[in-house]
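These protein sequence lines are chains A, B, C and D, in that order. Just so you know, we're using the numbering used here here: the first sequence kicks off at 1 and counts up by one. Just so you know, we're using the numbering used here here: the second sequence kicks off at 1001 and counts up by one. Just so you know, we're using the numbering used here here: the third sequence kicks off at 2001 and counts up by one. Just so you know, we're using the numbering used here here: the fourth sequence kicks off at 3001 and counts up by one.
Just to be clear, a hint being listed does not mean it is correct.
To be verified - Calculated cross-link-like contacts (lysine to any residue; reagent style SDA-like; alpha-carbon spacing at most 25 Å):
# : chain 1 : residue 1 : chain 2 : residue 2
1 : A       : Lys4      : C       : Ala2008
2 : C       : Lys2288   : C       : Glu2229
3 : B       : Lys1770   : C       : Asn2209
4 : A       : Lys4      : C       : Gly2024
5 : B       : Lys1542   : D       : Gly3050
6 : A       : Lys151    : B       : Thr1017
7 : A       : Lys3      : C       : His2002
8 : C       : Lys2087   : A       : Leu130
I should point out that these hints are in silico values taken from the structure, not numbers from a laboratory. Keep in mind the model is a prediction, meaning the values are calculated, not measured.
So the chains spell out like this:
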Amino acid sequence: MAKKTHVETTLNGEPREFLAEPRQSLLESLRDVMFLTGTKEGCNDGNCGACSVLLDGVLVNSCCVLGVEAQGRSIETVEGLGTADNLHPLQQAFLEETGMQCGICTPGFLMAAKALLQKNPNPSEDEARLWLAGNLCRCTGYDKLIRAVLKAGQVMAKEAA
Amino acid sequence: MNMEPEYKPRKWRVLGTTPVRRDGIDKVTGQAKFGDDVHLPDMLHGKVVRSPHPHARIKRIDISKAMALPGVKAVITGADFPPLNQAVVAAGEGGSVSMQDIADNCIAKHTVFYDGHAVAAVAAENPHVAEEAAALVEVEYEILPFIQDVREAVKDGAVVLHDDYVPGAFLFPTQKALPNAGRLQLAAGDVEQGFKEADIVVEREFTTATVHQGYIESHITTCRWDSDQHLTVWTSTQGAFAIRDFLASILNLQLSQIRVIPMEIGGGFGGKDVVYLDPLAAMLAKKTGRPVKMAMTRAEVLKATGPSSGTYCRVKIGCKKDGTLVAADLYLLFEAGAYPGGPIAPGALCALTRYNIPNVVIDGYDVMLNKPKIKPYRAPGATQANFVVETVIDELAEKCGLDAIDFRLKNATVAGDRLIIGMPVPPIGTVEMLQAVKKHPHYTAPLGGPNRGRGVAYAFWFGAGLTSSCEIHVNADGTINLATGSADLSGTRMTLAMQAAEALGVPLDDISSSVSDTDSIGYTFQSVGSRTTFATGYAIIKAAEKVIEQMKQRVAMIWETDVANVDCTVESAGVADFVDRNDPHRRLHFKQVAARMDETGGPVSADYTANPHGVGFQIAANICDVEVDPETGKVQVLRFTAFQDVGKAVHPDYVAGQMQGGAVQGLGWALSEGYWYNKDGRLANSSLLDYRMPTSLDVPMIDTVILETPNLGHPYGIRGAGEVPIVPPPAAVANAIYRAVGVRMTTLPMSPGAVLEALWAKEGKPASVKVA
Amino acid sequence: MHSFSYAAPTSLGEAVTLLAGARGNARVLAGGTDLIVNMRVGRRKPELVVDGKRIPELNELSLTAAGLTLGAAVSCRRAYEHAEVAKRYPALVDSMSLIGSVHIQGRATVGGNLCNAAPSGDAIPTLIALGAQARVLGPNGTREVPVEEFCVAPGKTCLADDELLVSVHIPAPVANSGAHYLRFIPRNEMDIAIAGAGVSVVLDAAKQNFVSARIALASVGPTPIFAREAGALLAGKPINEDSIQLAADSAQAVAKPITDMRGTIEQRKHLVKVLTARALRGAIERAKGA
Amino acid sequence: MASVWIPATMQHLTGGEAVVQASGSTVRELVNRLDEVYPGLKAAIAQDDGRLRPGVAVAVDGYITSLGLFQRIAERSDVQFVPAIGGG
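Construct the entire structure; sequences and hints are all you get.
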C-alpha cells in the first residue's frame, strides 16, 4: 500500500482535510473516507454520471478523479446543494415533477443539472438532454426528469429576476 | 372462494392525486441510505474471484499467495459451504427453483458455466487489497468446449452443460426434453387445418440479444454475525424475505437466525431478488468474525448477474382475407443461461394471448448455454415474444390491406374469451385501448419528412398476486405508522400510504409509510410482477378495515352503546368520522378516538397477510414514430405515445413514470442493447460504454395515455402497472422502421449495423465494402 | 486498483526528471478519464503517476497569428468554451464536444486523447486534418512531431519513456478554409466511434475549386489513419459531388477496419465513406462561410 | 359438473381432450375422479405426498387460488391448471 497523502480541500464551502492513497478516487474519498455517501457509484468508469460532482465549479465524474488531485481545490456534492428545510429549486422540482423513482441516479443528475443551469439558466429541452446525456437513469425514461430540470431553471430565473 | 368482485366503486379522496413522496426528500438531499452506504465499524471488504472461461472444470484452487498478502483475512471457495438440505424449493412466482443451481451460481463447486462465474472470494482490510488478493488466487482450469447460441445448444451432439438437471419452472414447469433444454408445449385446435383455412400466411425467423435490466445501482451486501449466531444482512433487494430464505438454505441456517434489512434499492426490474454476493459475504464474515461488505463492479453485474433471455424464434401466423386470424405456429428457443429456469413459460403464454386464434401450437424451449443464469426482467419473456408476433401481425395487417389497429381490433380478446391455457380473460379494456390508439391525434399526425415511419404494437402481461404482509399502528395523536415488507423501487411507500389514507379516512400526511426488515413484519413476497401496489395495497385495505372495526368498538365503549350503533363515514365521505346511528349529531373524529385509545383498551393496531388472486392482467399499446438514416442505418425515435390500462391510477404521475421508464427500457432493447460475446466466450461489452442503454439524448418525451378499467380483483380496482410498458416498444419500433424504409427487422437490437444489413439485403450491398 | 505513487510537479524540468527516474513505469495524468479507467481495469499499471495539471506550460491556451497552442492538460471544455477558439477552429470543437459527456469534457484533454492513442480518439483525425504538431519535451530538449506520426499502435505513441507531451500546436486557418469532424455512433452521445472522419479543405478565392485538402480517419485501423491520398486527390478539383465521392472512395480504400463488438468490417468501410463525404460537405460549407 | 381445462402438456392423458367434466367439492376430489377416467392425470398435477406439484397452480372461476387442491368448488365451476403468474 502506498503511503497516504494528506489532502486539503474546500468541501461544500467548508475547509476539509482527508487522507488518501493515490489509487483512491475522489468518489471513494468522499464516500468511504468522509462518509458523504450522497454521491453514488454506478459504473466507476465515467459512463453513468451517478458520481457527478463539481470540482472548482466544473462538472466531473468523481470516479475519474483521484482523491489526491483535490488538493487545494473546491468540491461541491449533493450534500451541499440544499437541506430538507431549505431545498434547492432543483431538488424541489425533482420532488414536484416526480423526476426520480429509485433515486440512485438523482444526486448525479442534480449536480449535473446545477452545472447546466449555472452556465445556461434557461436551457431548451435539447440543450438539457445533451448536457445530461452523461447521466444514465434507468427508471424514469428521462421525461419527468428533464421536465424537472427545465422547471427548476425557470424557477431560478424568476428568483434571480 | 370469494367469487364476488372485490372491487367496489367509490368516490376517491386520495387516489388519483399526485402528492410528493416523503422519502423523496432524503433522495434529493443525498441522505437516503442504499446498500453501498452501509459502513460498519471494523468492516472488511470482500471480492469475488471469477472464471475468465465460459466453460471449464475447476481442477485446483490455491489460495496460499492470496492469504499471504498483508491485509487479507480470509479466502473461501465452494468447498467452504455445507451440503444443501433441500435440492428444490417452491418459488413464490408459482414455479420452483433448484436450490442447488442457485447455490452453485453463487460459487461454482466443480464446473464454471460462464464468463464471470464465481469460484472463490476473499476478504481484506480494504477493497483494493481484496482486489489484489483476488488476482492472487490461483485457479487451475480444464477448459471445456462451450455453446452460446440457443440453436446450437438444442442440436444433437451439442456440448452438454449438466449431466442431469431439474427442468426450469418459471411460472410453469417445463419437461426435460433435450440434454440442454426443457420444453413447454401449448396447443389449441388443429393447427394444420387452421393453416389450410388461411388465405395469407407469414412466416419469419427472429433472433434477439441477451439484455440486462441495467439498474444503476450495483449488487451490494454487508453481513455481520452476532455472538448468538444470528446473521444480519444489509442489502439492496427486491425481496428481503427471498434473500433470507435463500441464505438459510445455502448456509444451512434456520430462517429465524437471519435478519435481512432492506436498504433503499437503486433499481431492480426483476434482477435483484436472488442471492449472489450474500452467501459469500456471510461466509467470509463467519470466517473472520468481522462484518464483511461486498460490491460488484459494473462488469461483474453485466457478466455474472441475471440478464434476460436472448432468443431464436420462428413464427408462422395465418389469417383469412378479411383479417380473421386462424392459425399460429410458434417455435421459441429462450436462453435459460447456465442453469434451467428462464422465462420461456411467460413468453409462450404472452406471445399470442391478446388475440383469439382458434388453432395454435407453441413449442417452447428453456435452453441452457454458457451465459449467466437468466433472471426476470420486467414482464419476463413477454417482450421477446411480443416483438416476434407483433411484427408478423403488422405484416399480416398490411397484406390484408387493413389498418394496423383495425386488424388488431378484429382479433382482440375481450373479457370472457379463453386464453390458450383455458383461463377466461377478466374484464379489461382491450377494445377501448385499441380504439383510444386509433383516436389519438398522434395516430394520424403528419410524419413531417422523408425516411420516417409510424408503427404500433399491442401487448399483454399477467402480473402477480402472491403474499404480502402489513401492519397499521394508530398513534395516540391519530397519526398512522404503516409498515410493509415490500421493497420500494419507485415510490410504493407513497402509493401504499395513499391506499391506507383512503381506507382509513385520515389525511395522507398523517401516515408514515416504511419498509420493515424480515424480523419485523410478516412474510412478504418480492417487489416483482407489478404486485406491490396491487397486492400489498390489498393487504393494507384489509388491515385498515380491521383498524376501523377496532376504532368503532372504542367509540361504542366511549358512548356506552352497542358497536352495531356506530357507523364510520370513511366509505361514504372519505373521512373517518364515527357517527351514532341513532343520533347523527353525535360524532367522533378519528383523531378524537385515537386520543382516547389508552383509556379504552390501549393502542389500536392491525396486521394482515394477504394473497390476492385477482391480478386482472395488464395491457399496453404504443405508437412510435422513427426516422431512419438510410446511409447509416441509424434509427432516431421522434415521437412516442404509450397507452396502458392500469385499473385505477393510484398516483397518476407514478403510473406515467412506470410507462415512460418501461418504454425507454423497451427502446433500448429495440435499438441499442445486447450482450456481445467474443470468440473466447467472454463478454466483450461489459461496461455502460458498450452496453448501450439509452441516454436522455436518445429518446423523446414519452406521452402517456392512462386507461382505467377497474380490476374486479382489487377493492379499489387497481391492477399492476410496472411491467407491461416494456413489452410493446421493440415491435412498435420495428413496425415504424418498416414504414420508414421498407425493411422488416427480424433481430434485436435493431442497431445501425443491423438496419444497414437489412437495407443491403433489400437493395444490394456496395461492392466496395464487401469482404473478400 | 494497483498501488502507485503520485507526484504533482510544478515545472517541466521536474516532470521530465520524474519520468526519467521511473524508467518507463510512469504515466502522465492530465484529465485522467482514460488513464484512471485503464488503471482500474488493469490495462495500465504505472508505478508512478505524474499529474501534469500543475505545470504552467501544460495549461497554456494561447492564440497567436501563428495559430493555437493547446497545453496537454487543457480540458476540452476550457478549450471549446473559449469563444475565439470556437470561432477559428470549429472542427476542433466538433471533436472536443464529442469526447465523452460534458462531465468527461470538463477533465479530458486533447493531449490526453492523443497520448491514449486509441484508434477511435475523436480529437486525432481533426488534429491531423488541421496539420497540427505535437510539442514533445525530453531530457534533450523539445521536438515537434506531426500528429499523424504520433500514434504508432493501439495505445502506443512515439513518446520515449522520459518524454512528455507539452502541447499541440495548430496552425492558423488560412483564407477560404474549413474543417469538419464527424463520427458515427449507435447512440447520440457517450459511445466510441464506429468510424470517424476529420477533414480540412482550402478552396480557391472563387470557391469553385479545391486548393488542397487533408483527410484523416478514426476507428478504421490500428491507429487513426491519415488518408493523405484522399485529400491530395482534391487539389485543383472542382467543388462538386463527383470530387467528394472520389475522395470518399479513396478514404474508404485506405481504411483497414476490423470486426469487433462495435462494428463489422463492412459497416465500417461503408461508414467511413459516408462520413468522409459528409465531413467534406460540412468543411466546404464552413470554408464558403469563412 | 365442473369444467376442467387440461393444459396442452397433459392432453395426451385425456385422449386429446382440452376440456373435461367432473364432479367434486374440492379440487382434490375433482383430480381424484378424473384420475379414474384418465389415469396419470393426478400424477401430473400432484406429487406422491399429495401436494400440488411445484409450478402447477389452480384457477377456479377465473381466479388463481393459493389453496390449490384444497380449494372448494361449486357445481358449475370452471377449473384450470395454470401457471401461478409473476414477473420482474
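How the hints compare with the structure:
1. A distance of roughly 15 Å separates the Cα atoms of lysine 4 of chain A and alanine 2008 of chain C; the hinted pair therefore holds under the 25 Å criterion.
2. Among the hinted pairs, lysine 2288 of chain C with glutamate 2229 of chain C is consistent with the structure: their alpha-carbon atoms are about 23 Å apart, no more than 25 Å.
3. With a C-alpha separation of about 32 Å, the suggested pairing of lysine 1770 of chain B with asparagine 2209 of chain C is violated against the 25 Å cut-off.
4. As the CA atoms of lysine 4 of chain A and glycine 2024 of chain C are separated by approximately 24 Å, the hinted pair is consistent with the 25 Å bound.
5. Distance restraint check for lysine 1542 of chain B and glycine 3050 of chain D: the Cα-Cα separation of roughly 32 Å exceeds the 25 Å cut-off, and the hinted pair is therefore not satisfied.
6. A C-alpha spacing of about 20 Å is found between lysine 151 of chain A and threonine 1017 of chain B, which places the hinted pair at or below 25 Å, so the restraint holds.
7. With a C-alpha separation of about 13 Å, the suggested pairing of lysine 3 of chain A with histidine 2002 of chain C holds against the 25 Å cut-off.
8. For the given pair, lysine 2087 of chain C sits about 21 Å from leucine 130 of chain A by alpha-carbon distance, which is consistent with the 25 Å threshold.
Violated hints for the displayed structure, listed by number in ascending order: 3 and 5.
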